Amino acid sequence: MTTEVSRKLGMAARVREFTRAHFATAPDVASVLARFDDLLARAHGNAARQHRGHAGAAGARTRREELRRQLHHHLVHYLVAVGTAAARGNVELAQRFKLPATNCNTSVFLTAVKALLAAAENHRELLIREGMAPSLLENLGGMIGELEAACEAQRTARRDHIGATADLHAVVGELVQQIKVLEGITRYRFGDDPVVMAEWKAARQVLGQPRDAESPLAAVTGVERAA
Numbered sequence: 000m001t002t003e004v005s006r007k008l009g010m011a012a013r014v015r016e017f018t019r020a021h022f023a024t025a026p027d028v029a030s031v032l033a034r035f036d037d038l039l040a041r042a043h044g045n046a047a048r049q050h051r052g053h054a055g056a057a058g059a060r061t062r063r064e065e066l067r068r069q070l071h072h073h074l075v076h077y078l079v080a081v082g083t084a085a086a087r088g089n090v091e092l093a094q095r096f097k098l099p100a101t102n103c104n105t106s107v108f109l110t111a112v113k114a115l116l117a118a119a120e121n122h123r124e125l126l127i128r129e130g131m132a133p134s135l136l137e138n139l140g141g142m143i144g145e146l147e148a149a150c151e152a153q154r155t156a157r158r159d160h161i162g163a164t165a166d167l168h169a170v171v172g173e174l175v176q177q178i179k180v181l182e183g184i185t186r187y188r189f190g191d192d193p194v195v196m197a198e199w200k201a202a203r204q205v206l207g208q209p210r211d212a213e214s215p216l217a218a219v220t221g222v223e224r225a226a
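Going by numbering that gives the first Met the number 0, the letters in the sequence shown line up with residues 0 to 226, in that order.
Take these hints with a grain of salt, some might be off.
What the hints assert, rightly or not - Only pairs whose alpha carbons sit at most 20 Å apart, straight line, appear in this in silico DMTMM-like list of lysine to aspartate or glutamate: (1) Lys200 / Asp166; (2) Lys113 / Glu91; (3) Lys179 / Glu3; (4) Lys113 / Glu147; (5) Lys97 / Glu129; (6) Lys200 / Glu182; (7) Lys113 / Glu124; (8) Lys200 / Glu3; (9) Lys179 / Glu65; (10) Lys179 / Asp159; (11) Lys200 / Glu16; (12) Lys179 / Asp192; (13) Lys179 / Asp191; (14) Lys179 / Asp36; (15) Lys113 / Glu65; (16) Lys113 / Glu64; (17) Lys113 / Asp159; (18) Lys113 / Glu137; (19) Lys179 / Glu16; (20) Lys179 / Asp37; (21) Lys113 / Glu145.
Hints are computed from structural coordinates only; laboratory data are not their basis.
All values derive from a computational prediction rather than experimental measurement.
Starting from the given sequences, assemble the full structure and let the hints guide the process.
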């Protein structure tokens with residue numbers, strides 16, 4: 000969540016407290032307040048989903064990097080060493096047992112490791128005679144599956160983060176519009192009460208932005224209020 004969005008949500012929470020204190024017994028304003036409460040709840044829900052998506056993507060990325068490191072430095076290194084030994088004098092077979100580039104992306108890395116696994120499956124007995132542990136290929140296949148799952152988890156979490164961010168910005172925009180409506184209602188009911196209007200001004204002030212006595216909504220919308 001950006002600082003701007005966080006500050007606007009804080010402002011919206013203060014506006015809700017103000018409306019509950021001053022419009023609790025005003026049934027004609029109930030529908031406006033209900034919509035405002037619903038929008039604020041949706042905003043907080045999207046903020047939570049945005050955070051979960053960010054955290055999930057970060058966790059999946061860490062898991063992906065660790066799995067790739069283990070694959071490359073332990074299992075694949077071992078398989079390539081055995082394959083190279085088994086391919087002595089066989090240039091075509093030797094070409095199949097090459098370490099993947101360390102700087103390639105994960106998709107290319109997975110393709111290369113799967114090709115290694117396929118070649119090893121076709122020459123399993125030969126590789127075992129050269130020193131390959133019988134369980135290596137099963138372990139390699141399992142770790143490939145884990146790496147693919149981590150990549151998919153990262154993509155899913157990233158999509159959720161992006162979607163939640165877009166929804167959050169849309170809902171905050173709607174909240175701003177509702178605050179403009181509440182501005183009008185408050186001025187209509189309490190415009191001659193300096194104490195209540197001072198409370199309102201404090202409630203709808205976006206923290207970190209300058210106050211504008213001539214334009215109560217300028218700090219929220221950036222647009223001057225019509226005279």
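Hints, verified against the model:
no., hint, in the structure
1, Lys200 / Asp166, "violated (28 Å)"
2, Lys113 / Glu91, "holds (18 Å)"
3, Lys179 / Glu3, "holds (18 Å)"
4, Lys113 / Glu147, "holds (11 Å)"
5, Lys97 / Glu129, "holds (17 Å)"
6, Lys200 / Glu182, "holds (9 Å)"
7, Lys113 / Glu124, "holds (18 Å)"
8, Lys200 / Glu3, "holds (18 Å)"
9, Lys179 / Glu65, "violated (50 Å)"
10, Lys179 / Asp159, "violated (30 Å)"
11, Lys200 / Glu16, "holds (13 Å)"
12, Lys179 / Asp192, "holds (19 Å)"
13, Lys179 / Asp191, "holds (19 Å)"
14, Lys179 / Asp36, "holds (15 Å)"
15, Lys113 / Glu65, "holds (18 Å)"
16, Lys113 / Glu64, "holds (17 Å)"
17, Lys113 / Asp159, "violated (29 Å)"
18, Lys113 / Glu137, "holds (12 Å)"
19, Lys179 / Glu16, "holds (16 Å)"
20, Lys179 / Asp37, "holds (16 Å)"
21, Lys113 / Glu145, "holds (13 Å)"
Comparing the model with each numbered hint stated earlier shows that hints 1, 9, 10, 17 do not hold.
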